[in-house]
Amino acid sequence: MSRSEWRELLPRIEQLALKAGLSFNPVDFEEVPDSFMMEISVYGLPVRMPHWSFGVRYIYQLVQHRMGHSRLFEVVFPGNPGHAYLANSNSVAENVLVAAHVLGHADFSRNNLLFRRSQQQVGENIVEHAANHARQIGRAIDEHGLQRVEATLDAALALEQHIDMNQALQRERYPEYLAPKSEETDDTFRQRFASLDPAVARDPAALTRQRAPVPPHRELDLLWFIAQYAPDLEGWERDIFLAVREESFYFYPVFATQIMNEGWASYWHARLLREADFLPQQSYVDAIKCHSDVVRPLASGEQVALSINPYHLGFSLWEEIVEEEGLEAARAILQQDDDFSFVRNQLTMERAEKLQLFRYRAESSGQVKVEEPDLGALHEAMLHPKYNFGAPSVAARHVRVDGTLELEHDHKTDGRGLDVERGKKVIEYLQRVWRRPVIMHTVDEHGAEMEFTVPMAPAA
Amino acid sequence: MDESESKAPNPRINGWYELFSRGARDWLRHNEKVREAVRERLPDIIAGADVVSGGARTVKVPVRMLEHYHFRLRRPDQREGVGQGNAKPGDVLAKPSQGEGQDKGQGGSEEGGIEFVLEFKVDDIVDWLWEEMQLPNLKARVGKSEEADWAREGWDKRGARSRLDRRRSLRESIKRRSMQDEEAPAFTDDDLRFRQLTKREQPAIQAVVFLLMDVSGSMSERDRQLAKSFFFWATQGLRRQYRHLDTVFVAHTTEAWEFNEDEFFQVSGSGGTVASTGFLKVREIMEARFSPARYNVYLFYASDGDNYSADRPQAEAALRELSDAANYCGYLEVSSTAQRQLATETGSLFKALGEEGKPAGSFAVSRIEDIWEAVRHFFQQQAAETE
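Quick note, the sequences are listed as chains A and B, same order.
Mind the numbering: the first sequence is residues 0 to 459 in numbering that gives the first Met the number 0, read in order.
Mind the numbering: the second sequence is residues 0 to 386 in numbering that gives the first Met the number 0, read in order.
Don't read these hints as lab results, they were simulated from the structure.
From the three backbone atoms N, C-alpha and C, an ideal C-beta is built for every residue, glycine too.
Honestly, I wouldn't trust all of these hints.
Taking lysine to aspartate or glutamate and the DMTMM-like style, the derived pairs with C-alpha atoms no more than 25 Å apart in a straight line are [what the hints assert, rightly or not]:
hint : chain 1 : residue 1 : chain 2 : residue 2
1    : B       : Lys87     : A       : Asp373
2    : B       : Lys59     : B       : Asp123
3    : A       : Lys18     : A       : Glu318
4    : A       : Lys411    : B       : Asp122
5    : A       : Lys424    : B       : Asp122
6    : B       : Lys32     : B       : Asp122
7    : A       : Lys424    : B       : Glu31
8    : A       : Lys368    : B       : Glu79
9    : A       : Lys353    : B       : Glu79
10   : A       : Lys385    : B       : Glu39
11   : A       : Lys424    : B       : Asp123
12   : A       : Lys353    : A       : Glu405
13   : A       : Lys385    : B       : Asp76
14   : B       : Lys32     : A       : Glu7
15   : B       : Lys227    : B       : Asp122
Covered stretches of chain A, as calculated for chain B (at least 3 residues, CB under 8 Å) [said to hold, decoys possible]:
hint : segment
16   : 93–101
17   : 351–360
Let's have the full structure, built from the sequences with the hints guiding it.
Here's what the structure looks like:
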């Protein structure tokens, strides 16, 4: 078989997928070198803004890759059209499998509500937007110098998880004044006063209206808050914050539906392969081999793993759901759930036992002990790293008269305080763009209230 | 958004992917930042580096990858996780292997673990340090110069045959013949031109540094290590100024010997200290090989300061002679155990010299971190001396 033969098979796979009930936007398939695949996985997008931290991830990936720990078959970006990048080292059989897998993803991202919302907000072409951000930042570097742009990116990218998905991407600033208190109409004095000549009786609301505090409530979207309210932020710096924020809005559903999404794509590549009677026998066998390599709970030779393979977990759950409740029910779940509700609703005790999932406790001494089965605790242990985009819950609480920004860590939700050393470094980044002191409230190792900050760096 | 710019670059163009690597670009930027960070702490890092032996021109500094910080929770004493496989409640599993963390999110992971080595050129380091410490550039001694050999200067119609300038002579011949008719002779005596020689004064731009070290019994291994670090960087500083810098290594106890570089730092003697032997040895070498008329002479002397008090007159006389001939004489008092702040026999010798207005200075060090202060001290003072 020639290397590009999978492309000839592509329309037939798409036909098969449509017939099976998938609905997806068209997908552009593209074969790229392994090196480019690796960059996509490091940056999360094919063309993205430059920052030294990506260089660190890149070298880390490179080392892993050289040691043979990871292999990337595909990366797919939702959109209309979607973009799928396939490693050009894939065999034909692997590409057949990957194409089916990509269509599963495309179906997921078009129908899952969380994805749909973010896709609408980023205009269904995040790949192009991100490329534009990269160019815009390149221009900023030419204009304002690498140092200043980098300082802004240090701060913005450090906060990339700190957005509020419950708000829209396009958000109005807070109202400037507090809403007037409701008129007490049964007050006869006020009624008589109001009936006077308007020149005499001025609008009492105008006299008493008060400036609203900023922020009026705990603000979780730190990227937005700084972009809107940093005292001396320049326009181009604001654009960088908003660019990072837009990309975060795109990344959130990818992060919050990983188990469902990978599981769904794996379910469909397996199912479409089974139904693809047009495949040569050898390709089918090779592809199935590839499937079982990707979708397996344990690395070869392992008895126990201290992590779960999201492909395998999602795949197993979807397979059972479709079998027990039918495709319609499965599609309804796909539409409405994210990983939190999916795991809580679908991972029953019975399924957890069948999958041999267990909860363990790792002591700092290094001892790892398996715990008694407890479904609720199992769910929590699995989902805990995914709460709040995987970041501590930090909100902007108050801006003092002198411009000092007070941040507040919701330690009750997170269960413990912040890592102060790292936190101070982030405060250092933030003070360079907020240009006034920034203070963080959290708790220490004994649970006592504490706050930390760092001295302001001299203005550059 | 500009319409013409809203398109992503077309990736279909052949080889487009190989044109550049964004990962490599950002990695290089990371390394540049590491260099900057290292540079800021350079004195600390380099002070301990083993650089002197082998004439190394680069210094290797082990560094960690920079971490881009995010807000993180405090490390918990214990952590809950979910695993998969054949395990029963109560089973104790092996220690978790590296890289077992699951969802790392977009924020990156614990990637600070990889160490790598950055190589710095010694010349670059010296440049940075001089910038950092705002050290002045030394001036070669003015006024002192030597009568160099004969130098060519101009031409004459008479001279020794060996100094005939053929090209010049031919030119004269052509000039003459162009004025005369064709039968004119090819050469006449008048055409010949001979190179003239004169004696010319040349400024002294060569330099020599004498590194004199007390290796008597009281100098510990650590003391000598301090001296070694200091000598290295002081020499680098001079090298920055003089393209041709000779180094002479002299060690003394109650006698003095010249060593080559490798041996010099291995030497450890025993017994007492007679500093004058060292000074005399330096003078002997200077007179034999490095005439102060031709060389800018620098002397750095490292000692713990204990000298036989009976040696004082000789030492004082020898040192005075040296300081007359030298651009600068520096005394580094090394004592890793006690800080005596130059209140020693040798210390007072140099102090007296300095007070007379001779180009001499002293500095006491007891820790490796002091080395930079010493270098700064000497170089600032030297520059002031030569103003």
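Checked against the structure, which of the hints given earlier come out wrong?
-> Numbers 4, 5, 10, 11, 12, 14, 16, in rising order.
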